[in-house]
Structures are given as structure tokens and as C-alpha cells.
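Number of protein chains: 2
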Amino acid sequence: MVSNFRFASIPNIIFGAGKLPKLYDIIANFGKNVLFVIGGSSLKASGKWDEITNEMLRRTINFYSISIAGEPTPTLIDEAVKKFRQKNLDLIIGIGGGSVIDAGKAISAMILKNDSIKKYLEGVGDKVHDGKKIPYIAIPTTSGTGSEATKNAVITEVGPEGFKKSLRHDNLIPNYALVDPKLVVSCPPSITAACGMDAFTQLLEAYVSPRSSPVTDALAYSGIKQMKENMISVYSHKSSDFNARSAMAYGSLISGIVLANAGLGIVHGLASSIGGLFNIPHGTVCGTLLAESTKMNVKRLEQIGNDGEHGLMKYAIIGALIVDKGYEVNMDASYYCSVLIETLERWTKQLNLDTLGKYGITPKDVEKIVKKTGLKNNPVNLNPEDIKEIIVNRI
Amino acid sequence: MVSNFRFASIPNIIFGAGKLPKLYDIIANFGKNVLFVIGGSSLKASGKWDEITNEMLRRTINFYSISIAGEPTPTLIDEAVKKFRQKNLDLIIGIGGGSVIDAGKAISAMILKNDSIKKYLEGVGDKVHDGKKIPYIAIPTTSGTGSEATKNAVITEVGPEGFKKSLRHDNLIPNYALVDPKLVVSCPPSITAACGMDAFTQLLEAYVSPRSSPVTDALAYSGIKQMKENMISVYSHKSSDFNARSAMAYGSLISGIVLANAGLGIVHGLASSIGGLFNIPHGTVCGTLLAESTKMNVKRLEQIGNDGEHGLMKYAIIGALIVDKGYEVNMDASYYCSVLIETLERWTKQLNLDTLGKYGITPKDVEKIVKKTGLKNNPVNLNPEDIKEIIVNRI
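Line by line, the protein sequences give chains V and B. Residue numbering for the first sequence follows the numbering used here, starting at 12 and increasing by one per position. Residue numbering for the second sequence follows the numbering used here, starting at 12 and increasing by one per position.
Just so you know, these hints were derived from the structure itself, not from any lab. Hints are not guaranteed to be accurate.
Copies of the same chain are indistinguishable here, so a pair counts whether it falls within one copy or spans any two.
Straight-line C-alpha distance at most 20 Å; calculated SDA-like pairs for lysine to any residue [to be verified]:
1. Lys30 x Asp252
2. Lys30 x Asn15
3. Lys143 x Phe41
4. Lys129 x Val334
5. Lys143 x Asp36
6. Lys236 x Glu339
7. Lys336 x Asp228
8. Lys236 x Tyr338
9. Lys382 x Gly368
10. Lys236 x Ser14
11. Lys143 x Asn23
12. Lys336 x Lys383
13. Lys193 x Arg17
14. Lys30 x Arg17
15. Lys98 x Ser345
16. Lys143 x Asn186
17. Lys193 x Phe16
18. Lys236 x Phe16
19. Lys236 x Leu332
20. Lys236 x Met324
21. Lys130 x Pro199
22. Lys193 x Met12
23. Lys143 x Gly42
24. Lys93 x Lys129
25. Lys236 x Met12
26. Lys143 x Asn182
27. Lys375 x Ile291
Fair warning: this is a prediction, and the values are worked out from it, not measured in the lab.
Work the whole structure out from these sequences, hints included.
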């Protein structure tokens, strides 16, 4: 049977190696006044930025640009908005990793407002965004966050009172997601690994979420299928293999679509609290915690009997997919759950994912982290001791 | 590997038995001036129309309504547009079967234009629609066309020079698809069967289409999975079973999403030509031709050797799904293709689908039909003799 569900709109998607020039045709539909939100140096080093700016000049498109270094803070967004508010922008284009895409999304949403983004952040401010924005095109250069397809922009303030919170509205889903795996080729192995695990985590957490629907299930499954075959190879020796890069870019894109519609679980609960307290890349937190968290979820699902069966079966279906088996009635859930856990543990080692300790997190921080951690849409309830155990095992 | 693909946006989806009242909250986002496009008598007979109009009065929403009987013609659309062009509509809402949903979609697209829809129909007029429209909400009361999620409205003119052609633009995808399986419960068995087979055809044709992508594949597969379990039961004895109705409504919705993004094949090529020449319900043409067309496609795919392997494997995966088997490496494609064909042949009998002869089509019409039939995105080339054979076997 099909339960009730809601599914928000998704961006127009243009996917394919070498498809970046499609951007120029799309811009023409929106206008002549464009702001590019870009990252640090890699786009420029690759020559792509020159290619884009030359094309803008050739097409007499009036453009501005702003570079974003690191994860966007409220101050960064407010200042960018102040700078470009009077420019009568027709379109904003974000080209970069998750931080850049989120920054562009936040700027496109705040440029029609007259106050700070802090007032609109979930759990921080008291205003509700109305969804009005400047049209926005997202072009990812990492395969990780899926932000090119989500309705939220994550804004971070690091410190003792820090947070990692979202500006969110259905209408903030980018108008277009242009995914060109060629743009990801220059991504170094450690970032490839962290981003890949972030996307995989999003796919898996959305798949086992109680808010999942047949639509998100079908999509998450197809994303996991592509990623599981390429996770290790794209990291270790096939970084310039377009097929592997395409598969990872696809998984990442889909992870954004499904997280926007089914939510996430404990790993992203922890990524939110840890990311607010410490300077640690989002993908690294997710990647390093995924195997431990999955193990804990499976353990707790097994303990709650009948109520846990549905969740266990979903983990098992993914375990079976890992070894190229389709779903079968009466499949051995317990066996395939362990296949999944073992695979995630093996990936954690093979991808050389940093432990939390590498970023200065010590056992005495655990209590503080747990207090700030929400379960989100985790498939099973975890108590504070469970969450502690997950963290401690990865310090 | 993931090939290049494009995926157009999809509607905001609200899916679930009893969800119709969500409509009232959505209307508030658009304005106070609303046109309802509805069908004949069944909405009124069910009491739903009274429920809706009472709610409109209670909320002081100014509304108009227009009833559509049969498949929309250019004249019908032009006259409706003329009648409501000066009403400053904020929103159009279509509630009904595929014809009604398409009519509403066409009216929403034409109300900002000053000429006949005929000028914008593919293969009929010479103008290209720019996508500008009044916001549109589609609420299906049959599980068949998937029009609530597509970017085209099919307009029909029956006669010797008749046609069945589309007004099409990415932006014509409804803003919302509100799918409430409770609205479908009153649908009689023969319409349930024809509509169900139409939706199933759309899912299967999109799945085997050369334009399919991992996104459309994942979705089509999930739609087929739901429909194959309920196709017969919803027709024969479970018509008021919400679970079965939900599954069919889900399949239909998904069929619209995938056909909009992957295209259709020979069955819909024939539905277009036959539907232009004869007065025959669209679902009946599709349903009655599906088994024969699939048999022909499989035969031709087998004959072209390596080039046909991919298409055969896709049919085989669906055959395996019919008997609850997942994809496996080295699966016996030929065996599972025959499982699929036999199932479709059995359904054709069990659903008592009319033959074409019942609608006055005779062997002497075949030549004329074939001449007007396009292959669309069929997975294999068929010659006129092949197409003749498909039709003749169903007269």
C-alpha cells in the first residue's frame, strides 16, 4: 500500500559531463543582470571561470561575482546581500561545493528582505521566510551535499554558542540544478571521500526515515546503487574517470532530492551539533559517524521487536543491494544488515576518514555535544547513552 | 554509469486518501479569484462538489466553474478562454479525469494569449507557447492519464482530418498535483480497467524508452510495482479498497512524471492516430494494444542482436518484478520477457478490454491508421507491416 506523502517540487535538472555551456542558454530566460557566487581558487585554476566570464562578455550579460571561503556565516550572507541589494539582479548562480551553493541560495532568498538572515534561521530567529527570492541556478563542483536540489541553506556560526541551522522554504529549491561531472574531476581524494560519504549518508538516512515515501525510496535506492559501486574507486584510483564521477554526482544530486522530502537521521543530528561547536568539515563528521550510527540503529531496531521490523528490512534491502541482490520476500534481514554495517566499516577504513579527535574533540566534549543533538527523522529512538557511544567510538 | 539526462520539474505533490481539504489551504497562497474546471456528473453526485463550493463560500473565495464533457477540442478550449479571460483569475483548479485535467491545463495556458489554441498545438499550429500561464492545481478522479504531473494537454479533433495533439511546455506542469484516492472510489470497473492499463502502459513505455534516465527508471519501476499487484483486484472486487485505489493512483501519478521526462512508445503512437480518427476512449486504445505491442517490440529487439540487449533486459526486469524477483546479473532475459507478455495477455482478458472493432474500426482502416502513426520513443524500430500486425490482432 502507498501511505500518505508530500513531495515538494524539484529543480529542473540538467545532468551530464560537459553540459556546463547549457548554462548560457538558461541565463537568457531570466535576464541580463547576474550575480555569480563562487568558491575559492579551484574554479579559477581550472580555467572554467575564464571560460564563463568570456561567455558573459560575449553575450553582453552584466555580471557580478562574490567568492565564498568556508561555510557561510550570518555575517557573510548579510554583507553580501547589502552589497548586491541595489543591483536589480535577475538571477543568481552558485558554482562550487555545498557551502557555496548554500551561500548563493541564502543570498537569493535574502536579497528581497531588509533584515538579517539570523532572524529567519530555524531555531535561531523568530521570523518565517515567505519563499520570495531571486531565481537561482545551482552548479555543484563536489559530489556531496546535494544542496543543488534542496530547499534549505545551512548557515553556521562556530563557537561556544555556535549553531549550524537552516534557512528553509519549499520555494528555495533552485530553479535549475546543472550537474556537470567534469567540474568535479579536480576534487582531491580526501574531499571526494568526505563528500561521497555525506551524500551516501543522506541517501541512507532518507531511505530509512519514517517520513520516506515510495518516491523517495525509489530515488534513494537508485542513488545508492550508483554510489556503492564507485565510492572506493573514485577515491583511490579513478578520480578522473567520468563514469565514476558521474555516478557520484548522480548520487549526490539524488541525496538532495530525497533529504528534502524524507528528512535525515542521527548522523545529521550529530553533524549539526558538532558542526556548530567545532571547526570540522560537514562531510567528515557524516562519513566518520555513519558506520557506528548504522550499527547502533540496527541494534536498537532489533531490540524493539515487531516495531523495528520495517526499519530493519529497509537496512537489509540496502545491504542486499550492496552485494547486488534485489529484494526478496522472506529475505534474511539480520544477515543483510550485517553486510551493510561491515561494508560501511570497511569504507571508513579504506577512505581514511578522520576521527573526531583529529579536530580537537575529546571525551570531555561528548556530554555537551549530546545535549545539543536532535534525532531528526531517525528510524528508531536513541537515548543519550546510545548517542554518547556513537561519538566515543569515533574520537 | 549514468548517461546525460534532463529532468523537468515536477508538481508539488500531496498524496493521500482524504487529503482533498488540503486544497483550501493551498488556494489561500494564490488569491481570491478561482476557476474550477470539472467533469460531468460524478463529482456532483458524490457530494464532493457541494463540499467544495460550501468551503469556497465560507472562505469568501470568488469562484467560477465550467463542466467539460468528453475529450477537449480546440473549440471548447477557445470558448472557455474567451468566457473567463476578463475575470482576473488567480488560480485554475481541474478536478476530474484526464480530459478535465487537460482542459484545465490548456485553459490556464491560453488565458494569457489572444489567439486559438490550434496555433500552438504540436504538428498543427506554427506558434510556440512561451509557458506563461495562470497557476494550476490538478486533482485527478481517475487513475489513468497521469496528466496531473505532465507538461502537456492533449487536444482532440475527431474526423477524417482529425488529430490528437499536444500543447506542451515545461512550465505547464501543474503547480500542485493533489491526489486523493478517495475521489477515485466511484470510478466504474470498465473505466478503472482502461485507465489503469493506460497508466501501466505509460510506465512501461517510459521505462523501456531510449530517453529514460536513472531517475525515470527508478520512479517507473516503483509505479509498476504498485500497479501490478492491484490491477486485477481493483477491477474485479476491491473497487472501494483504499489501499488498492492508492496504489493505482500512485502508479498513475508516477506515469505522468516519467512520460513527461522519458517519452512514450508505439502504443501511444497508435493511441494518437486512432484517437484522432475514431471516437474511442484513450485508455481503451492503450489497454487493448499493450500486450500485442510489447510482444512485437520484444520480437524485434531479439532480432537485432546486441543492439537489442539493453531493451530486452529492461522488459525482462519488469517481467521479473511481476513475479516478485529483483534484478540479477545474468538473469534469463528471454524467460522474463515472456512472463511479462503472458501477464499482459492475461490482463487483457481478465479486464475484458474492448477490441478496436467495438468502436467501428475495420481491417480497411488499418492502412490509414498506420500512415498517421509515429513511433515516438519506442525502444526498437518497427516497420509499417509490424504496426499493421499489432492493430489487426486487436480488431
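Hint check, failures only: 4, 12, 15 and 21
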